[in-house]
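Undergrad: Chain A is fixed; fit chains B, C, D, E and F onto it per the hints.
Here the protein sequences line up with chains A, B, C, D, E and F, keeping their order.
Letter by letter, the first sequence follows residues 484 to 622 of our numbering.
Letter by letter, the second sequence follows residues 484 to 622 of our numbering.
Letter by letter, the third sequence follows residues 484 to 622 of our numbering.
Letter by letter, the fourth sequence follows residues 484 to 622 of our numbering.
Letter by letter, the fifth sequence follows residues 484 to 622 of our numbering.
Letter by letter, the sixth sequence follows residues 484 to 622 of our numbering.
Because the hints were derived from the structure by calculation, they are not lab data.
Watch out, some of these pointers could steer you wrong.
It does not matter which identical chain is used: a pair holds within one copy or between any two.
Mimicking DSS-like on lysine-lysine, the simulated pairs with C-alpha atoms at most 30 angstroms apart in a straight line are [stated by the list, open to error]: (1) Lys620 <-> Lys556; (2) Lys515 <-> Lys538; (3) Lys574 <-> Lys620; (4) Lys538 <-> Lys560; (5) Lys533 <-> Lys515; (6) Lys533 <-> Lys560; (7) Lys620 <-> Lys533; (8) Lys538 <-> Lys574; (9) Lys550 <-> Lys515; (10) Lys560 <-> Lys620; (11) Lys538 <-> Lys556.
No experiment lies behind these values; they were computed from the predicted model shown.
There are 6 protein chains.
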Amino acid sequence: MFFLTRRERFSSAHRMFNPEWNDDENLRIFGKCSNPNWHGHDYVLYVTIKGNINKETGMVLNMNQLKEIIREKIIEKVDHRNLNLEVDFMKGLNATTENLVKAIWDELEEPVRTIGAELYCVKIEETENNSVEYYGKKD
Amino acid sequence: MFFLTRRERFSSAHRMFNPEWNDDENLRIFGKCSNPNWHGHDYVLYVTIKGNINKETGMVLNMNQLKEIIREKIIEKVDHRNLNLEVDFMKGLNATTENLVKAIWDELEEPVRTIGAELYCVKIEETENNSVEYYGKKD
Amino acid sequence: MFFLTRRERFSSAHRMFNPEWNDDENLRIFGKCSNPNWHGHDYVLYVTIKGNINKETGMVLNMNQLKEIIREKIIEKVDHRNLNLEVDFMKGLNATTENLVKAIWDELEEPVRTIGAELYCVKIEETENNSVEYYGKKD
Amino acid sequence: MFFLTRRERFSSAHRMFNPEWNDDENLRIFGKCSNPNWHGHDYVLYVTIKGNINKETGMVLNMNQLKEIIREKIIEKVDHRNLNLEVDFMKGLNATTENLVKAIWDELEEPVRTIGAELYCVKIEETENNSVEYYGKKD
Amino acid sequence: MFFLTRRERFSSAHRMFNPEWNDDENLRIFGKCSNPNWHGHDYVLYVTIKGNINKETGMVLNMNQLKEIIREKIIEKVDHRNLNLEVDFMKGLNATTENLVKAIWDELEEPVRTIGAELYCVKIEETENNSVEYYGKKD
Amino acid sequence: MFFLTRRERFSSAHRMFNPEWNDDENLRIFGKCSNPNWHGHDYVLYVTIKGNINKETGMVLNMNQLKEIIREKIIEKVDHRNLNLEVDFMKGLNATTENLVKAIWDELEEPVRTIGAELYCVKIEETENNSVEYYGKKD
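Okay, chain A solo, but in the shape it has when bound:
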């Protein structure tokens, strides 16, 4: 069993915000991360899949296939976008990194299966000091 990781980047605006609370309550819980005028990050995304080697190609899969799935399903929707307002798969969710890795997992799980692999981990570095990993429901 092999684990392949593809790294992609995207630059987005977001804020921590629970729509059931007012701005004061959001600021109390989320601090400056809830700034109503937004802030943003150069997010770094790591997608890890697992699979067996194809004897003929010597590869689990062609990394370009994985790259294209990530770009089509994720990067085109989030890069230079507002994660709270403009991303279909984040609708109704607070734009935390936890919710983001889980939503990206849900977007990628099926497409990764169609190229003969299994999604293993989605990791996002929000800043160089903070990151979140998600391994699906099984963990």
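TA: Frame of chain A; chains B, C, D, E and F shown alone:
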């Protein structure tokens, strides 16, 4: 003559936007960087000062002094903020990296002088692939 | 289940040294790492916790809480310190990276529990080429 | 149980190539990665071993022992070499990163045992965006 | 005056080789870097241009224009290629990093002028430890 | 004219300390950096030389020559050492990064000349946030 560089980081929202143009014109010139719902970056800021060694301390200056000036004059104003809407020294300016390095230069030039050094360069990495440097009017 | 990682740094002096051996024996086993006049590193510390999402906040916990625990319990005690001589939780231990990750684990396990999460991994990069990870007794 | 990781680097030429196919077929499957005149990478290799602390030394093992094994068994054979033509342990294998991590695992498993540790993971970053990990047959 | 830097990457095979010398002589001078079966690198290219701000756009130029020039003139010709055999602008040149930065400078100087800027520096990192910069004939 | 940069690393202990002051005075001026029990860093050293291409080799010089000079003159003397107590070229100097880059410049200037190049810059990163550059007396 010695050159000391302090690195700091901040996470902000921005958009490329010339208020004299309408949204269509802005989108035509700036593309996705002009998204009306904003996007953002983990900006990396490098401030370089030049100066002579103080014989008694063996230093040009205490890096903590430089760090505190940068944090007070810049980071506290831009981190988790919207560069177009909320930063006093960016008022009326298109929030490009060029305008940002020049505005930060203008904010830091005098305070750096008060701690006995000379501002030499302000550099910002907007993403890991794009950066801008400014050396003041003299270059 | 989500895994959140916080990265912190500290700069310390240390030496490899078993007090039951004399200097010659220590130098024979540990080489230049046992230099009696010390050497030091810019250690990079990664603390990973695991936990479930809080539905209301969309987070496992506020990263600032984790940051503050790490800074209070670890960084304030080791940064700009001598790991062999000045750190209470390293008393009587040889200042190897293995002993250091385990000691940091022991310091953080309970405080992390008090903020509703579970400590999962402590990793230290001693140099860009050498690192050690510890996952607690369970592994 | 502790996990120690050593990072090494090597610069090699390679091409994706299945000798049972002709050049056209190879180009169809592998694209530019199958360029008959080769291309190359600055590969980054991470070797992780697991083991218990030796009470007397406070270490699992001396990292220099691990470094020397990796340099003797791997780096000297692959650095500034052609992975398809010149590396004994890649004979008959397509020079993919998957085959490379598995071949390196097979070269290191026994030598790592002789220094009292257990090989846990071999990871290679082919570029900053693409990497492969292998944990042995057990996974 | 502002300095803008764009970072791009390419993976190529090469060898140090003076065609006026035989293989033994080349190996004596260039060592393992002259391996007849090639080796390769993940080269990192930094292109710096200088220019004045356009008052209307707040930019010196659109970084995408610079990116596209670099990709068309350089990356498409060198990425996944053999620098000695396949790159038109390296014909007849020993594939050293010095010759490479100068050749890339010569390829980019005129196209950069057509987008209203001036080429200032071409820098290449061959490995994380070795790099070369070239500022044109003027220096 | 070409500029070649070699990167090397070393791990040392040091403290900020003016021997003409007592410990209290040193602590007042240098803070935790003056801790009498030392602290340390993984220093990153960048040595830049300038020179013309040798037409026959296509290189300014062989990077291995530069590497060996740096290792013999600097790294062997500072790595796993105490910069205040054990380094001949730091004798009588406060172990600040400013004094260190200047002392390394003085050690390297002549040896670099003997291999046909000119020393251009010595840069040291003490931490990922603090660095100092020195260009010799001429600047």
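Undergrad: Which numbered hints does this structure break?
TA: none
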